[in-house]
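Taking the hints into account, I'd like the entire structure generated from these sequences.
As they're listed, the protein sequences go chains E and Z. Count along the first sequence from 1, add 1, and you get the number used in our numbering. Count along the second sequence from 1, add 1, and you get the number used in our numbering.
FYI, nobody ran anything at the bench for these hints, they're computed from the structure. Since the model is a prediction, treat every value here as computed from it, not as a measurement. Please note that the accuracy of each hint is not assured.
Identical copies go unnamed one by one, so any copy, or any two together, can satisfy a pair.
[As the list claims (entries may be wrong)] Distance condition first, Cα-Cα at most 20 angstroms in a straight line; then the derived SDA-like pairs of lysine to any residue:
no., residue 1, residue 2
1, K17, S48
2, K10, Q166
3, K17, G84
4, K141, M2
Number of protein chains: 2
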Amino acid sequence: MKTFRQVRKTENGFLKKYELLYDADGTPVRWEMISLNEIRSAADLASTLSAVEIIARFEDGDYLLCREFRFAVNDVCYEFPTGMIEPGETPQQAAARELKEETGLDVIRVDRVLPPACYSVGICDELVVPVFVTVRGDMKPCHDAYEEIASFKMSPEQIHSLLRQPGVKITETCMLALAMLDEKG
Amino acid sequence: MKTFRQVRKTENGFLKKYELLYDADGTPVRWEMISLNEIRSAADLASTLSAVEIIARFEDGDYLLCREFRFAVNDVCYEFPTGMIEPGETPQQAAARELKEETGLDVIRVDRVLPPACYSVGICDELVVPVFVTVRGDMKPCHDAYEEIASFKMSPEQIHSLLRQPGVKITETCMLALAMLDEKG
Numbered sequence: 002m003k004t005f006r007q008v009r010k011t012e013n014g015f016l017k018k019y020e021l022l023y024d025a026d027g028t029p030v031r032w033e034m035i036s037l038n039e040i041r042s043a044a045d046l047a048s049t050l051s052a053v054e055i056i057a058r059f060e061d062g063d064y065l066l067c068r069e070f071r072f073a074v075n076d077v078c079y080e081f082p083t084g085m086i087e088p089g090e091t092p093q094q095a096a097a098r099e100l101k102e103e104t105g106l107d108v109i110r111v112d113r114v115l116p117p118a119c120y121s122v123g124i125c126d127e128l129v130v131p132v133f134v135t136v137r138g139d140m141k142p143c144h145d146a147y148e149e150i151a152s153f154k155m156s157p158e159q160i161h162s163l164l165r166q167p168g169v170k171i172t173e174t175c176m177l178a179l180a181m182l183d184e185k186g
Numbered sequence: 002m003k004t005f006r007q008v009r010k011t012e013n014g015f016l017k018k019y020e021l022l023y024d025a026d027g028t029p030v031r032w033e034m035i036s037l038n039e040i041r042s043a044a045d046l047a048s049t050l051s052a053v054e055i056i057a058r059f060e061d062g063d064y065l066l067c068r069e070f071r072f073a074v075n076d077v078c079y080e081f082p083t084g085m086i087e088p089g090e091t092p093q094q095a096a097a098r099e100l101k102e103e104t105g106l107d108v109i110r111v112d113r114v115l116p117p118a119c120y121s122v123g124i125c126d127e128l129v130v131p132v133f134v135t136v137r138g139d140m141k142p143c144h145d146a147y148e149e150i151a152s153f154k155m156s157p158e159q160i161h162s163l164l165r166q167p168g169v170k171i172t173e174t175c176m177l178a179l180a181m182l183d184e185k186g
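Right, dumping it as structure tokens:
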């Protein structure tokens, strides 16, 4: 039985770092974590929907993948488009806005919205909402100081070979989802 | 064009926090990130395989899910079993050891090892290796001060309803992978 005791912020910033103190059947346990949010009590943990991950398909069934430069790995990485949910936005609205901004594509149908999922649950309390949509339009690159994104329309065959290209970086959520599709054929 | 300039450690700990400085076509960009590793240069980013995520199936095709208490969300969370890769271990060896420790199950076949995937690429440089295995044996709970894990053998029907249970926490890698299976039927 793990019982929350207290939280202490150890560093500020966009990524706030905290030390959580739990009681584990009488044993004190300290756990480091980061959050985008102000964590003052247990109730603040995983209390905010921070982002959407967008699983977008074209009308012919092909999937949309983005290849984005990621500072944390100093390399480009293939992924499903993602974006922060702005205050007052629904996940569906955030998905449509982010897709337009990052890829130029229009959402013509929201097919499915999954419940908020725990992203990196070992190290942070971020909740991400996976949104499945159908898209249409012309893809355009997105480029500024912080974002450098190219979009790709990928057939099952192209996904199959992407998963087998040595040295290509892919996010784990995207890789596992594509691998499951690939397995099922 | 993003060019790495320098890295500065801003906090120590199990989760080390860094500030990366990039040049983005002449504009200086600062990016906060965390890492489990010592990052002294660009070459250190995403240079270590830190963990495995284990997609385990029983011989009848059911999937293995774990439900683990996660300090960062102060709640239990359904997920595929995961674990750190110990020095000198292959991902396959780490997967077999972690499964035995956390679930009591034995790996009878390694079905597929995916390339290292970027985990939480927006905030850290961790690389996780997804390992697909077939398992056999009796499931037993895992319980100590840091881990509290129950294992579940789940049919496609049980996965279908798990994805629709309100308020249930599931990791995003697990949720997206299961949703893809569920989509394909």
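Please name the hints from earlier in the document that this structure breaks, with their numbers sorted from lowest to highest.
The structure breaks only hint 2.
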